[in-house]
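Student: All chains, full assembly: derive it from the sequences and hints.
One letter stands for each residue in the lines below.
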Amino acid sequence: MTDQQIIQFKNVTKQFGDDQPVLNEVSFEIERGKFYTLLGPSGCGKTTILRLIAGFMEPTSGEIYFDGKLCNHIPANKRQVNTVFQDYALFPHLNVFENVAFGLRIKKLKNKVIEEKVRQALSFVNLGGYEHREIKEMSGGQRQRVAIARAIVNEPEVILLDEPLSALDLKLRTQMQYELRQLQRRLGITFIFVTHDQEEALAMSDEIFVLNKGKIQQSGTPIDIYDEPINRFVADFIGESNIVKGTMIEDFRVAFVGQQFECVDQGMNKNEPIEIVIRPEDLAITSQEKGKLKVTVVSQLFRGVHYEIIGQDAAGNEWLVHSTKKAQVGDQIGLDFEPEAIHVMRFGESEEDFDRRLEAYAEDDERE
Amino acid sequence: MNKKLTRQLYSVPYLLWIILFVITPIILVLYYSFFDIEGNFSFVNYQKFFTPVYLKMTFSSFWYAFLITVIALLISYPTAYVLTKTKHKQLWLLLIIVPSWVNLLLKAYAFIGIFGQHGMANNILDIIGVGSRQILFTDFSFIFVSVYIFIPFMILPIFNALDELNPSLLDAANDLGASRWTTFKRVIFPLTIDGVKSGCQIVFIPALSLFMLTRLIAGSRVITLGTAIEQHFLVTQDWGMGSTIAVFLILAMFLVMLVTRDRKRGL
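Line by line, the protein sequences are chains W and B. So for the first sequence, the numbering used here puts the first residue at 1; every next one is plus one. So for the second sequence, the numbering used here puts the first residue at 1001; every next one is plus one.
Just so you know, these hints were derived from the structure itself, not from any lab. Don't be surprised by glycine CBs; every beta carbon is placed ideally from N, CA and C. Relax, there's no trap hidden among the hints.
When the alpha-carbon atoms are kept at most 30 Å apart in a straight line, the in silico BS3-like pairs for lysine-lysine are as follows:
id : chain 1 : residue 1 : chain 2 : residue 2
1  : B       : Lys1185   : W       : Lys78
2  : B       : Lys1185   : W       : Lys108
3  : W       : Lys213    : B       : Lys1087
4  : W       : Lys107    : B       : Lys1085
5  : B       : Lys1197   : W       : Lys136
6  : B       : Lys1185   : W       : Lys110
7  : W       : Lys117    : B       : Lys1185
8  : B       : Lys1185   : W       : Lys136
9  : W       : Lys136    : B       : Lys1085
10 : W       : Lys78     : B       : Lys1085
Pair ranges (Cβ atoms, derived):
id : chain 1 : residue 1 : chain 2 : residue 2 : range
11 : B       : Lys1056   : W       : Lys136    : 46 to 52 Å
12 : B       : Pro1167   : W       : Ser166    : 14 to 20 Å
13 : W       : Glu134    : B       : Leu1005   : 36 to 42 Å
A short list of chain B residues far from chain W (calculated; beta carbon distances all over 12 Å):
id : residue
14 : Lys1003
15 : Ser1011
16 : Phe1021
17 : Ile1027
18 : Glu1038
19 : Gln1047
20 : Tyr1054
21 : Leu1094
22 : Ile1096
23 : Ser1100
24 : Phe1140
25 : Gln1231
26 : Leu1234
27 : Leu1251
Tutor: See the structure below:
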């Protein structure tokens, strides 16, 4: 237990009745001052984790520690945590000022102090001068900011954000992503952000927890998770990927689609069946002779920044390619890639084993 | 052009209704209020209204209507709140609403049976050793039965208001440090006040002019404005005085509606 740590989950399970547990023996730690994202499809348990931290529900089993103290049974109104809700949950009978002041009024602060803090919080979210507006006069993006101001004005240790950007249009959403990230840096408070949008998660987080079926699949920095997905679910969920079955012949040699390739992975059993991932942007179009893979172009879509090309190899595998080069449907083309582009995933590898294996590479690199 | 015509056509039933059953009666009532019992034009009825007899009657009407409304509200709010938390809330609500479909007179007669000398209420009091007593024809029985009759009308708007309340607002209040009582005081009640207001309107105004119950249940011990109007029209045949009281009753209703009308913020 370090001073840096603010929240800790120990084997936390949440179950409703006799249903499948929503959360199954989840353990993790949250450090102060970082931006965390809980990422996963709907029903993966990410919102449940948020509600457990906020205190809206209690775990079925396991322990939750806040600042080193067990807080399983501490009610929400006694926790140093504030939430920004998905639908903002602003009080429609109160104006902007009173919405933000709500928490401070409950703490019975002096009017003068409240006024100053509310003004400061509103200017933090660029809403200075909107104090006396009614909530229904505010646009979606402005309501979003009021909700954030209402949370930060209480100076909590942790702010929880439950898919707060999902109701905004694309442009506003991108803008709010920047603003939220900046705000978190300026305030230095821990943010725990829940989303099902992987791009949002990659863009904003210091650390991402990828969840599926009540379990944390993988945790790490956005780059770690994107570059070294632990399993098929993570590879598929984060970004687009080509996943095929293969065999690890020996260290640095992997076989798939009936060919052998040089790779950078090691530390697995000889001839172990594995799956490999190649990201679409790591595949480059070349001529048939030069390409490591030979495919026939099946379809092509213009996506603005790049073309999205689907090619089929002789074995019937489909390869998704993101390329700025154009191809013709029906063309025979070659696909080239670097050895680093091949990411090997073992079946059923736990996160600890995975991390240990990756660390082993790093040590090898240092020795060389 | 055509659209405008159909819209005008559609408004015919409404206009007819308003003219025949709202405007005409009010004008007639106003007209009759200016004639004394002999049929001469005069203001004597209005003078009579401001004598202690009628003022006392007005006061007691308001007092009873107020009591009935307050008690109905005190019972209905928690009931509606509990109903919104139940699993089959629409079913439970329906069970409370169903008795209001039974005719008022039938219910009144039923209570005469229950509260009578040898009725169920007195039997129970006998059994538990309190001894039978006069229940019917008391203030208590009048208020009890009136509250019973009006409760469904009070519950319905409050239930709807509570049911529309966004549950994440309660989480938000809790999250911001509010205890359950503070959440009720600062969020739940202010957001359901419109339901409470319309419930009070629906109960208070008819309660002002209750007349059948005053005789059947209160044994004419309670004389409200409604009773007075009925007596003047049917017994003393003094239509003028009856109309004058009705005029004041209508004024009172507008006043109550003015006080309890919805004032939407920001509009």
